[in-house]
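Listed in order, the protein sequences are those of chains A and B.
Per my numbering, residue 1 is the first one in the first sequence, and the count goes up by one each step.
Per my numbering, residue 281 is the first one in the second sequence, and the count goes up by one each step.
Please note: incorrect hints may appear among the correct ones.
What the hints assert, rightly or not - Here are the simulated SDA-like cross-link-like pairs (lysine to any residue), alpha carbons at most 20 Å apart as the crow flies:
{"hint": "1", "chain 1": "A", "residue 1": "Lys107", "chain 2": "B", "residue 2": "Ile474"}
{"hint": "2", "chain 1": "A", "residue 1": "Lys107", "chain 2": "B", "residue 2": "Phe562"}
{"hint": "3", "chain 1": "A", "residue 1": "Lys126", "chain 2": "B", "residue 2": "Phe562"}
{"hint": "4", "chain 1": "B", "residue 1": "Lys314", "chain 2": "B", "residue 2": "Gly330"}
{"hint": "5", "chain 1": "A", "residue 1": "Lys122", "chain 2": "B", "residue 2": "Asp473"}
{"hint": "6", "chain 1": "A", "residue 1": "Lys122", "chain 2": "B", "residue 2": "Ser470"}
{"hint": "7", "chain 1": "A", "residue 1": "Lys122", "chain 2": "B", "residue 2": "Phe562"}
To be verified - Partner residues aside, some chain A positions facing chain B, computed with beta carbon under 8 Å:
{"hint": "8", "residue": "Ala63"}
{"hint": "9", "residue": "Pro90"}
{"hint": "10", "residue": "Arg94"}
{"hint": "11", "residue": "Phe98"}
{"hint": "12", "residue": "Pro105"}
{"hint": "13", "residue": "Trp106"}
{"hint": "14", "residue": "Phe115"}
{"hint": "15", "residue": "Gln120"}
{"hint": "16", "residue": "Leu123"}
{"hint": "17", "residue": "Val144"}
{"hint": "18", "residue": "Gly150"}
{"hint": "19", "residue": "Ser153"}
{"hint": "20", "residue": "Phe254"}
Unchecked claim - Each pair of labels, with its calculated beta carbon distance range:
{"hint": "21", "chain 1": "B", "residue 1": "Lys286", "chain 2": "A", "residue 2": "Ser142", "range": "45 to 51 Å"}
{"hint": "22", "chain 1": "B", "residue 1": "Leu306", "chain 2": "A", "residue 2": "Ser142", "range": "55 to 61 Å"}
{"hint": "23", "chain 1": "A", "residue 1": "Ser153", "chain 2": "B", "residue 2": "Gly401", "range": "41 to 47 Å"}
{"hint": "24", "chain 1": "B", "residue 1": "His400", "chain 2": "A", "residue 2": "Leu30", "range": "41 to 47 Å"}
{"hint": "25", "chain 1": "A", "residue 1": "Asp239", "chain 2": "B", "residue 2": "Pro565", "range": "46 to 52 Å"}
{"hint": "26", "chain 1": "B", "residue 1": "Pro412", "chain 2": "A", "residue 2": "Leu30", "range": "44 to 50 Å"}
{"hint": "27", "chain 1": "A", "residue 1": "Ile21", "chain 2": "B", "residue 2": "Arg397", "range": "23 to 29 Å"}
{"hint": "28", "chain 1": "B", "residue 1": "His400", "chain 2": "A", "residue 2": "Gly150", "range": "27 to 33 Å"}
{"hint": "29", "chain 1": "A", "residue 1": "Glu127", "chain 2": "B", "residue 2": "Gly283", "range": "38 to 44 Å"}
{"hint": "30", "chain 1": "B", "residue 1": "Arg476", "chain 2": "A", "residue 2": "Lys131", "range": "21 to 27 Å"}
{"hint": "31", "chain 1": "A", "residue 1": "Lys131", "chain 2": "B", "residue 2": "Trp472", "range": "23 to 29 Å"}
{"hint": "32", "chain 1": "B", "residue 1": "Gly559", "chain 2": "A", "residue 2": "Gly247", "range": "51 to 57 Å"}
{"hint": "33", "chain 1": "A", "residue 1": "Lys234", "chain 2": "B", "residue 2": "Phe404", "range": "50 to 56 Å"}
{"hint": "34", "chain 1": "B", "residue 1": "Leu410", "chain 2": "A", "residue 2": "Ala25", "range": "49 to 55 Å"}
I should point out that these hints are in silico values taken from the structure, not numbers from a laboratory.
Here the structure is a predicted model, which is why all the values come from computation and not from measurement.
We put the beta carbon where it would ideally sit given N, CA and C, even for glycine.
The chain contents come next:
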Amino acid sequence: MRRPPAAATRGHIRIEDVVKIYDPAGAAVLAVDHCTLEIEPGEICMIVGPSGCGKTTLLNAIAGFHEITSGRIVMDGEVLCSTEQPQSTPGPDRIVVFQNGALFPWKSNLENVIFGPVMQGKLARKEAVDKGRAMMSDAGLSGVEHNYPGEVSSGMRRRVEIVRALMNDPKVLLLDEPYRALDSLTKSVMHEALLEIYYKNKVTIFFITHDLEEAIFLGHRVAIMTTRPCKPKKVLNVDIPHPRDYGVLTSKRFRELIEETNDAVHEEALKAFQAGEKEG
Amino acid sequence: MSGIGKLLSNRAFWRGVGSIVIFLVLWELGSRSKQWMAPEFFAPFKDLLGTMGFKKDYLPWIGAVPPPSGVLKSWVAVLGQQGYWQSWYMSFFRVMGGFIAAMLIGIPFGLALAVNRVAHGVGFPVFEVLRPIPPLAWVPASIIFWPTQESAIIFITFLGAFYTIVINVLGGARSIDVRYFQAAQSMGSSRWDIFRRVVLPGTLPSIVVGSAVGMGITWEVVVAAEMISGGGSQQAGTGGGLGFFIWNSYVGGSYEQIVVGMISIGIAGFVSSELLRWGGRFVTPWMKVR
Numbered sequence: 001m002r003r004p005p006a007a008a009t010r011g012h013i014r015i016e017d018v019v020k021i022y023d024p025a026g027a028a029v030l031a032v033d034h035c036t037l038e039i040e041p042g043e044i045c046m047i048v049g050p051s052g053c054g055k056t057t058l059l060n061a062i063a064g065f066h067e068i069t070s071g072r073i074v075m076d077g078e079v080l081c082s083t084e085q086p087q088s089t090p091g092p093d094r095i096v097v098f099q100n101g102a103l104f105p106w107k108s109n110l111e112n113v114i115f116g117p118v119m120q121g122k123l124a125r126k127e128a129v130d131k132g133r134a135m136m137s138d139a140g141l142s143g144v145e146h147n148y149p150g151e152v153s154s155g156m157r158r159r160v161e162i163v164r165a166l167m168n169d170p171k172v173l174l175l176d177e178p179y180r181a182l183d184s185l186t187k188s189v190m191h192e193a194l195l196e197i198y199y200k201n202k203v204t205i206f207f208i209t210h211d212l213e214e215a216i217f218l219g220h221r222v223a224i225m226t227t228r229p230c231k232p233k234k235v236l237n238v239d240i241p242h243p244r245d246y247g248v249l250t251s252k253r254f255r256e257l258i259e260e261t262n263d264a265v266h267e268e269a270l271k272a273f274q275a276g277e278k279e280g
Numbered sequence: 281m282s283g284i285g286k287l288l289s290n291r292a293f294w295r296g297v298g299s300i301v302i303f304l305v306l307w308e309l310g311s312r313s314k315q316w317m318a319p320e321f322f323a324p325f326k327d328l329l330g331t332m333g334f335k336k337d338y339l340p341w342i343g344a345v346p347p348p349s350g351v352l353k354s355w356v357a358v359l360g361q362q363g364y365w366q367s368w369y370m371s372f373f374r375v376m377g378g379f380i381a382a383m384l385i386g387i388p389f390g391l392a393l394a395v396n397r398v399a400h401g402v403g404f405p406v407f408e409v410l411r412p413i414p415p416l417a418w419v420p421a422s423i424i425f426w427p428t429q430e431s432a433i434i435f436i437t438f439l440g441a442f443y444t445i446v447i448n449v450l451g452g453a454r455s456i457d458v459r460y461f462q463a464a465q466s467m468g469s470s471r472w473d474i475f476r477r478v479v480l481p482g483t484l485p486s487i488v489v490g491s492a493v494g495m496g497i498t499w500e501v502v503v504a505a506e507m508i509s510g511g512g513s514q515q516a517g518t519g520g521g522l523g524f525f526i527w528n529s530y531v532g533g534s535y536e537q538i539v540v541g542m543i544s545i546g547i548a549g550f551v552s553s554e555l556l557r558w559g560g561r562f563v564t565p566w567m568k569v570r
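Using the sequences and the hints given, assemble the complete structure.
The following block contains the structure:
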C-alpha cells in the first residue's frame, strides 16, 4: 500500500545527491549533505526533522527560490536544477504553501484564489472566478469569498492558500510546516480537510513538518531527516491504507509506527538542541 | 441606536466634553486673575510672586494670555472679515500645493529607490545629504531662487512633506515580506505584475502613514514660512496666510487674534489629517480588519 493511487502520473520528483552549502560570510555551513530522495507521482511525502535542519532549503531548491551547490533535482524527466544550473525558475507547476501563509492581505480570498490562472493567462477572469468559487465551496469556504484573509480564522486562511495553490494545477504542492502556528484542535480539522482536498486532486505533496504524528497520519511515506546537515536518516513506509480519517490516530498500527520512528526523531532533535540550532 | 444617540450615551464622549469644558474654565479663570487678585486679601500671595521674579499683578504666564471669552469675541469679529478667510485659503493652497507635489514626486521616487538598484545608487546618496537640512533653513535660499514668494513658500512646504513620504515609501516597499514576491513569482507573474500587484498594494499602508506625518510637517512649515516671508503677497493685512495672520496680529498688538490664528491652524491641521485618514482607509480597506 506504499504506492499512491495509480491515477496520478505527474509530479515524480527525484532529488539526486543534492548538496547545499551556505556561505554568507566565508564561513561555509553545510545545510544539505548529499541528499537523495525519490517521490512518486501523487504521493504524500512527509519530511520530518528538527527546526532549522535544512528541510526548507530542500523545498526552496525545488520551488526555485534558492540555488543548490551541487547534485540535481528532476521532475517528470525535466531537470529543475543541477550543478551547472543551480537555481530553477519558479513556476506554477510547483506551488509553495508557506509556514506563516502568504495570501496577499490586500486581496479578497477569492481574488487570491484566482490570482494564478489569471496571471498565467490560463483562464479568463470570469472562468477563473467560477472555478475559484467552485473549489472554495468544495473546501468548505463558501461565504468568505469576499472577505480579506485578515478577516477569517488562521485555519481558513491556510485552506484558502491551499485552494489558491491548487488553482494553478501544480504537479507538486510544497508545504512548509503550514499548520505550525495552529492550535492542535484546528490542526486535526486541517489534516482531514487536507486529505479530503487531496483525494479530490491527486497531486504530489511534499510536506515539511517537525510533528511526527502529523507526518505518519498524512503521509504515504515519512522521511526522517538528520539535523544539519540534512539528509534522509530513515524512510518509513506508512502501510495504513488511504483514505484515512481521525480514527487512524488511535489504531494499533499507528502507535507501532510512532514507536518505530520516535527514537530516530528524538535523537536528531537532541542533536539539534545540543548544536544550539535556532528555532525557525 | 443611531450614531448620535450612541455618542450621547457614551461615557468616554462625556468625559472628553468635560475635559474640554474644565480646560476652558481654568483658562478663563487664569486669564482673569488680574481681576480676582485685586482684593487686599491676595497681597501676600502677590508679594510671594514678586519675590519669585514674576509680575505681581496676575498669575504667571496664564494671566497674560487673553481669556477664551475674549478670543471668541475676537473670532466672531474676524469671521466677517474677508482677510481672515483669505488667510485660510492661502495657507490651504500652499499646504495642498506643496503636499500634492511631494506625493506626486515622492511616491514614484521612493518606489524607484526601492525597486531599482541603479536608481537607489544614484538617487539615495544625494537624498540623504539633503534630508537633514531642515525645510526652514531653505527659506532664504528659496526666496532668492524662486521667481515669486508664493512659489518659494510652496517649495518649502513641499520639502516638509517630501522627505518623510520618500523615506516611508522606501521603507514600506523594502519591508514587504519576501514570501509575497515568491508566491507571485511562482504563480507566473511578470516583473510588472509583481510591481503592480505586490509592491504597490504592499507599500500603500506606508504611503498613507508617510503622507499623514508629512501633512503634519507641512502645516508646521507653512506657518513659519509665512511668518518669515511676510505673507508672501502684496495683500497686506490679514490675508497672507494663517501664519502671517498670527504674525500680523502680534505686530498689531491684538493678542486675542493671535490665539484665534493658533486655534485656526489647529483646526486646519485636524481637518487635513482627518481627510487624509479617510482617504487612507478608502485606499487600504484591508487594514481595518487587523
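How the hints compare with the structure:
no.	hint	verdict
1	A:Lys107 - B:Ile474	holds (14 Å)
2	A:Lys107 - B:Phe562	holds (14 Å)
3	A:Lys126 - B:Phe562	violated (26 Å)
4	B:Lys314 - B:Gly330	holds (14 Å)
5	A:Lys122 - B:Asp473	holds (15 Å)
6	A:Lys122 - B:Ser470	holds (14 Å)
7	A:Lys122 - B:Phe562	violated (32 Å)
8	Ala63	holds (7 Å)
9	Pro90	holds (4 Å)
10	Arg94	holds (7 Å)
11	Phe98	holds (5 Å)
12	Pro105	holds (5 Å)
13	Trp106	holds (4 Å)
14	Phe115	holds (6 Å)
15	Gln120	holds (4 Å)
16	Leu123	violated (12 Å)
17	Val144	violated (12 Å)
18	Gly150	holds (4 Å)
19	Ser153	violated (12 Å)
20	Phe254	violated (33 Å)
21	B:Lys286 - A:Ser142: 45 to 51 Å	violated (33 Å)
22	B:Leu306 - A:Ser142: 55 to 61 Å	holds (59 Å)
23	A:Ser153 - B:Gly401: 41 to 47 Å	holds (44 Å)
24	B:His400 - A:Leu30: 41 to 47 Å	violated (34 Å)
25	A:Asp239 - B:Pro565: 46 to 52 Å	holds (51 Å)
26	B:Pro412 - A:Leu30: 44 to 50 Å	holds (46 Å)
27	A:Ile21 - B:Arg397: 23 to 29 Å	holds (26 Å)
28	B:His400 - A:Gly150: 27 to 33 Å	holds (31 Å)
29	A:Glu127 - B:Gly283: 38 to 44 Å	holds (43 Å)
30	B:Arg476 - A:Lys131: 21 to 27 Å	holds (23 Å)
31	A:Lys131 - B:Trp472: 23 to 29 Å	holds (25 Å)
32	B:Gly559 - A:Gly247: 51 to 57 Å	holds (55 Å)
33	A:Lys234 - B:Phe404: 50 to 56 Å	holds (52 Å)
34	B:Leu410 - A:Ala25: 49 to 55 Å	violated (34 Å)
Figure legend: structure checked against the earlier numbered hints; hints not met, in rising order: 3, 7, 16, 17, 19, 20, 21, 24 and 34.
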